[in-house]
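Participant: Protein sequence lines, in the order shown, are assigned to chains H, G and P. Number 153 in the working numbering belongs to position 153 of the first sequence; there are no gaps in the numbering. Number 221 in the working numbering belongs to position 221 of the second sequence; there are no gaps in the numbering. Number 305 in the working numbering belongs to position 305 of the third sequence; there are no gaps in the numbering.
Treat the hints loosely; a few may be bogus.
Residues of chain H clear of chain G, computed beta-carbon distances all greater than 10 Å [unchecked claim]:
| hint | residue |
| --- | --- |
| 1 | S8 |
| 2 | F20 |
| 3 | L21 |
| 4 | V113 |
| 5 | L171 |
| 6 | V172 |
| 7 | P202 |
| 8 | P205 |
| 9 | L212 |
| 10 | G221 |
| 11 | Y311 |
Listed next, the stretches of chain H that the computed footprint assigns to chain P, with coverage defined by at least 3 CB atoms under 8 Å from CB atoms of chain P [as the list claims (entries may be wrong)]:
| hint | region |
| --- | --- |
| 12 | 270-280 |
| 13 | 297-304 |
Interface residues of chain G toward chain H, partial, derived using beta-carbon atoms under 10 Å [as the list claims (entries may be wrong)]:
| hint | residue |
| --- | --- |
| 14 | E19 |
| 15 | V20 |
| 16 | L54 |
| 17 | G74 |
| 18 | L83 |
| 19 | G93 |
| 20 | Y105 |
| 21 | P106 |
| 22 | G112 |
| 23 | A116 |
| 24 | A120 |
| 25 | A155 |
| 26 | E191 |
| 27 | D201 |
| 28 | L204 |
Worth flagging that the hints you see were computed from the coordinates, not collected in a lab. Predicted model only: the values in this text are computed from it and were never measured. Every residue, glycine too, gets a C-beta built ideally from N, C-alpha and C.
Below are the chains, spelled out letter by letter.
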Amino acid sequence: MKRYILVSGAFLVVLLALAFLSLAIGGFGDPPSNVLSALAGGDDRFTVVRLRLPRLVLAVLVGACLGIAGTVFQTLLGNPLASPDLIGVSQGASAAAAGAFLLGGLSGPAVSVAAFAGALVVAAIITVLSWRNGISSYRFVLIGIGIAFLVQAFLGYLLTRADLKEAQGALVWLVGSIGTPGWDEIGITAILAGVLALSMLPLRPALRMLQLGDDTATGLGVSVTRSRALLTVVAVGFAAIAVAVAGPVLFVAFVAGPIARRVVRSSEASLVASALVGAVVVVAADFLGQRALGDARVPVGVVTSLVGAPYLLWLLARDNRSRGTA
Amino acid sequence: MTNHELRAEGITVGYDEREVLSMLDLTVPDGKTTVIVGPNACGKSTLLRTLARLLRPTGGVVSLDQRPVQQYRGKHLATILGLLPQQPIAPDGITVSDLVARGRYPRQGLLGQRTAADSAAVAAALLATDTVDLADRRIEELSGGQRQRVWIAMALAQQADILLLDEPTTFLDVTHQIEVLDLLVDLNRREGTTIVMVLHDLNLAARYADHLIVMSAGRIVAQGTPREVITTEIVRESFALESTIIEDPVSASPMVVPIGRFHSPS
Amino acid sequence: MSPGIRRGAVLIGLAVVLALVVTASFALGTRAIDLSSTLAALTGSGEGTDAMVVIDLRGPRTLIGLAAGLALAVAGALMQGVTRNPLADPGILGVNAGASLLVVVAISVLGVSSVVGYVWFAFAGAALATVLVYLVGSGRSGATPVSLTLAGAAVTALLTAVITLVLLTDLETLSQFRFWQVGSLTARDAGTVAVVLPFIAVGLLVAIALGPRLNALSLGDDMATGLGQSVRATRIAAATAIVLLCGGATAIAGPIVFVGLVVPHVARRLVGPDYRWIIAYSVVLGPMLLLVADILGRLVVQPAELEAGLLVAALGAPVLVALVRGSRVSAL
Chain H
1 MKRYILVSGA FLVVLLALAF LSLAIGGFGD PPSNVLSALA GGDDRFTVVR LRLPRLVLAV
61 LVGACLGIAG TVFQTLLGNP LASPDLIGVS QGASAAAAGA FLLGGLSGPA VSVAAFAGAL
121 VVAAIITVLS WRNGISSYRF VLIGIGIAFL VQAFLGYLLT RADLKEAQGA LVWLVGSIGT
181 PGWDEIGITA ILAGVLALSM LPLRPALRML QLGDDTATGL GVSVTRSRAL LTVVAVGFAA
241 IAVAVAGPVL FVAFVAGPIA RRVVRSSEAS LVASALVGAV VVVAADFLGQ RALGDARVPV
301 GVVTSLVGAP YLLWLLARDN RSRGTA
Chain G
1 MTNHELRAEG ITVGYDEREV LSMLDLTVPD GKTTVIVGPN ACGKSTLLRT LARLLRPTGG
61 VVSLDQRPVQ QYRGKHLATI LGLLPQQPIA PDGITVSDLV ARGRYPRQGL LGQRTAADSA
121 AVAAALLATD TVDLADRRIE ELSGGQRQRV WIAMALAQQA DILLLDEPTT FLDVTHQIEV
181 LDLLVDLNRR EGTTIVMVLH DLNLAARYAD HLIVMSAGRI VAQGTPREVI TTEIVRESFA
241 LESTIIEDPV SASPMVVPIG RFHSPS
Chain P
1 MSPGIRRGAV LIGLAVVLAL VVTASFALGT RAIDLSSTLA ALTGSGEGTD AMVVIDLRGP
61 RTLIGLAAGL ALAVAGALMQ GVTRNPLADP GILGVNAGAS LLVVVAISVL GVSSVVGYVW
121 FAFAGAALAT VLVYLVGSGR SGATPVSLTL AGAAVTALLT AVITLVLLTD LETLSQFRFW
181 QVGSLTARDA GTVAVVLPFI AVGLLVAIAL GPRLNALSLG DDMATGLGQS VRATRIAAAT
241 AIVLLCGGAT AIAGPIVFVG LVVPHVARRL VGPDYRWIIA YSVVLGPMLL LVADILGRLV
301 VQPAELEAGL LVAALGAPVL VALVRGSRVS AL
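Just chain H, with the same shape it has in the complex:
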């Protein structure tokens, strides 16, 4: 327990440091802004408070949501490699958003709502399709991947039917990016995330029991079907919020949990630590994407994929070598 608090504290410190950096450092070669004076109303107020701060806050929210979503999914499915990014939930949101944008001509918040709905619908479809006397995590993951491919095909179709400029605009929905959010958007996201976090509280004990397997959990009095259903809804909700507001920022949901658990070295689902790790990853990735490559602006989703995918592959390769079967 002590280690948990220590490590979470450390992540928080890292997060704050990164936050400070991203508020202070601007474009390549620009002098760093004086953050504190800017916050108090000084010179760089516009840049720091109007441009960078909202972006930072949203990045933290998105990262936290994805971190929690990933950990809950991984615990529910009993597989550290299963994550809403890979099993179709994020893709469903992208396709719905692209569809709303390209076919429906919608923009702004309406597209976000579509993305949210898309994530929920896909998760529901996967759940229904993989249901056979209950949920098996194997079936869920495999069907999820199949649906992901189907959705990708649909997205490809949309891209070919739109005109070129529109298609390029829709690309944003294929890869996550933070953009320049308004405070109202951030407010809504924060409220939704808060509601979900509250509903997570009474579910946490059940989640810990589910780690012991369905049979033992039932023996301990957990209503397995109901708990799994509620937890899935909450996890998908977190993922959907993140995707609705920032597009599919892949791999954050996947890595946050394992990193948190490895550092905290406990068997707990470590939701708070995962949220912090998720936030750190997204803030760092966005910082890198916006500042580290000179004038080029690389969307955060690309950075997380470029770093996250090799990590996943390394994990898989390592698991296979050490145990023979994953």
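Knowing the structure of chain H, use the given hints to seat chains G and P on it.
Facilitator: Just chains G and P now, kept in the frame of chain H:
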């Protein structure tokens, strides 16, 4: 320990389209050690899992103290009925005390806070299973026998009056098998816990059972004391095995000596 | 009737069906051409627009369907055999994404615009992805279906991210790439296909030769070694064949998912777990599936067309779902 009546009446249980148990009746003797044996695929695990409410019978009812099991609230039922399933999963990195503490879930509030009663129960469970020294060790570092003892400790922390165990000794070597079974006898004698377990070793079952149930092809072939139940005829009927029954020189319980093609009394 | 003869008879029957499908591919489409004109065109005595449509437009398309369908189905069978994973497929395992990536790089970075140019990049990309998945997926007893599929999904995600990165900035490439990406049989002409055919042919020959070895491999690495086989050599040969087949197919038809998954399974249902027959049946069933998808694509939204790749994805996903639902978890 309070007295309870756990019984199955006319239960029919199946998977997909296959019917495994059909119109089966069973009353679990309270305060005793009951062992269920039978050849592979005879339905013994299915029976245990149905008693533990992991499976829902398509016909008939499993009842505890005259009330159908389905009518109990999950957590309340878990304070009476404890379970050790066949291949329990322990999350990576969990320590012994952590795992045993999870057994307190049925008695904890909505947000899962730990109370003094919880800590006391965990300590008592560790003591009873002789795992106090292992408290801070991680599960994956333990031997098979130690691990099973820890799982039993978790079930103990639940403070359930009835304990159901599905093949608790199957993957253990002989030393550990005896270790675990002796622990269960302790529980039964000291605390009065009713024990129901599935064993695959007929002779160990004969030694440890107060009440022995022999199954075959989804039916109960015989039940009673080991002496009543272990006979050449019943072994032949349920296991399709020719045998001679002698008296176990150590425990005086009946012991099955198999007769095969190359080994038969001359 | 002995099983061998029965299987052979069914195979011949299927080949006849394929011939019919091929004829349909020449005959059907947005422009309605009746059967006699089609046959006339095919035998060289046709004339006018009809003949042109049949030979110049539908000819290459049909040829691509045959070649790509065959290549993808056989590659899928090889993958399933080598990984002992019922869900292996060139699309799912990221091989197609690898080919796509290098094609994008070729177009945008290197300015390659002729297909003859792309082809080599498609091969290289397929090879890279195959090696990657092989490295990740092999262990002492091989990866489970779940982890291998996840590896493929991860490789695909990684490569897609890079592709998207390029496309975001390069409008020109996007305009070409997005059409290639959906998997269509119409993007190439016969000359291009001719370039690729030898590679597919070699891949096919290797695959056929590997049939008996795959049978041994399906009993497990240990058993196969005990039966005198070099597991490593088999894997390398299979990987080579997979690269040739997938690279070739992706070069002429773009990345198409699920053909490699569905066809070997249907073959297995018809003919049992003998890989020699599964590969033989895949040779016939693969083109059948792809051409049927292409024909449907021509007919369902007339006068527009839906690319074959889209239809195959739409047809294949339910099959995947049914497969996963139908099998017992232990079998996975």
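Participant: For each hint, tell me whether it holds in the structure or not.
Facilitator: Verification of the hints:
no. : hint    : result
1   : S8      : holds (17 Å)
2   : F20     : holds (33 Å)
3   : L21     : holds (33 Å)
4   : V113    : holds (32 Å)
5   : L171    : holds (39 Å)
6   : V172    : holds (38 Å)
7   : P202    : violated (5 Å)
8   : P205    : violated (3 Å)
9   : L212    : violated (6 Å)
10  : G221    : violated (3 Å)
11  : Y311    : holds (18 Å)
12  : 270-280 : violated (count 0)
13  : 297-304 : holds (count 4)
14  : E19     : violated (15 Å)
15  : V20     : violated (14 Å)
16  : L54     : holds (6 Å)
17  : G74     : holds (4 Å)
18  : L83     : holds (3 Å)
19  : G93     : holds (4 Å)
20  : Y105    : holds (5 Å)
21  : P106    : holds (4 Å)
22  : G112    : holds (3 Å)
23  : A116    : violated (17 Å)
24  : A120    : violated (18 Å)
25  : A155    : holds (8 Å)
26  : E191    : violated (18 Å)
27  : D201    : violated (22 Å)
28  : L204    : violated (23 Å)
In summary, the numbered hints that this structure violates are 7, 8, 9, 10, 12, 14, 15, 23, 24, 26, 27, 28.
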